[in-house]
Amino acid sequence: DAGITQSPRHKVTETGTPVTLRCHQTENHRYMYWYRQDPGHGLRLIHYSYGVKDTDKGEVSDGYSVSRSKTEDFLLTLESATSSQTSVYFCAISELQARRATEAFFGQGTRLTVV
Amino acid sequence: SQQGEEDPQALSIQEGENATMNCSYKTSINNLQWYRQNSGRGLVHLILIRSNEREKHSGRLRVTLDTSKKSSSLLITASRAADTASYFCATDSGYALNFGKGTSLLVTP
Chain H
1 DAGITQSPRH
11 KVTETGTPVT
21 LRCHQTENHR
31 YMYWYRQDPG
41 HGLRLIHYSY
51 GVKDTDKGEV
61 SDGYSVSRSK
71 TEDFLLTLES
81 ATSSQTSVYF
91 CAISELQARR
101 ATEAFFGQGT
111 RLTVV
Chain L
116 SQQGEEDPQA
126 LSIQEGENAT
136 MNCSYKTSIN
146 NLQWYRQNSG
156 RGLVHLILIR
166 SNEREKHSGR
176 LRVTLDTSKK
186 SSSLLITASR
196 AADTASYFCA
206 TDSGYALNFG
216 KGTSLLVTP
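Line by line, the protein sequences give chains H and L. So in the numbering used here, spot 73 of the first sequence is number 73, and the numbers just go up one at a time. So the number in the numbering used here is just where the residue sits in the second sequence, counting from 1, plus 115.
There's no promise every hint is true.
Unchecked claim - Label-pair restraints from in silico Cβ distances:
1. E132(L) / R22(H): 39 to 47 Å
2. V159(L) / S84(H): 39 to 47 Å
3. L190(L) / K70(H): 39 to 47 Å
4. D38(H) / T135(L): 21 to 29 Å
5. E168(L) / D56(H): 34 to 42 Å
Calculated from the structure, these hints are not laboratory results. Backbone N, C-alpha and C define an ideal beta-carbon position, used for all residues, glycine too.
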């Protein structure tokens, strides 16, 4: 398995509190992604990073921020958690070849419940 | 927005039968990938097919790509109970991969 670790694996938090999820990789891949997975929606991209301090928004970025201060770590922060952010969050890593996305490796996911 | 869309949403077959899943997408792509997700786990890459390829094989997997119809199919031959999982197609948009909603495959003994 690719060296990707998500923490925590499970979290229950209260509405209005900030929450930070961590993704750590040991593969030295340049590209890192945060997705959320919800029934009926599949996987949706939240934010992604194409290098240290280089990030961009995905299709469902509202209410989320990210930071990447080191190649190996990509943090996802829910600034003020809402019940609609209850979901399973997946981190993924990949490289590009000839400016084309190659296979992505996924973490085991973080199940977040906002009550 | 999500680029790929899988069809059917759910598929139930018996062991030994073949399973076919389809993926349609909207805009031009560089490549298309298929992933599998077992319940409660992360996604696992199965196969990548480039836009200039029409067919690709990997073990019991066969993927076709028709760029004129903006569609792809994944065929799993001689299915096994262990193939029970959700299957997703993914298309690239520059740096990121966009996933569909997936096909849920159930293979019964």
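Hints versus structure:
no. : hint                         : result
1   : E132(L) / R22(H): 39 to 47 Å : holds (42 Å)
2   : V159(L) / S84(H): 39 to 47 Å : violated (28 Å)
3   : L190(L) / K70(H): 39 to 47 Å : holds (42 Å)
4   : D38(H) / T135(L): 21 to 29 Å : holds (26 Å)
5   : E168(L) / D56(H): 34 to 42 Å : violated (29 Å)
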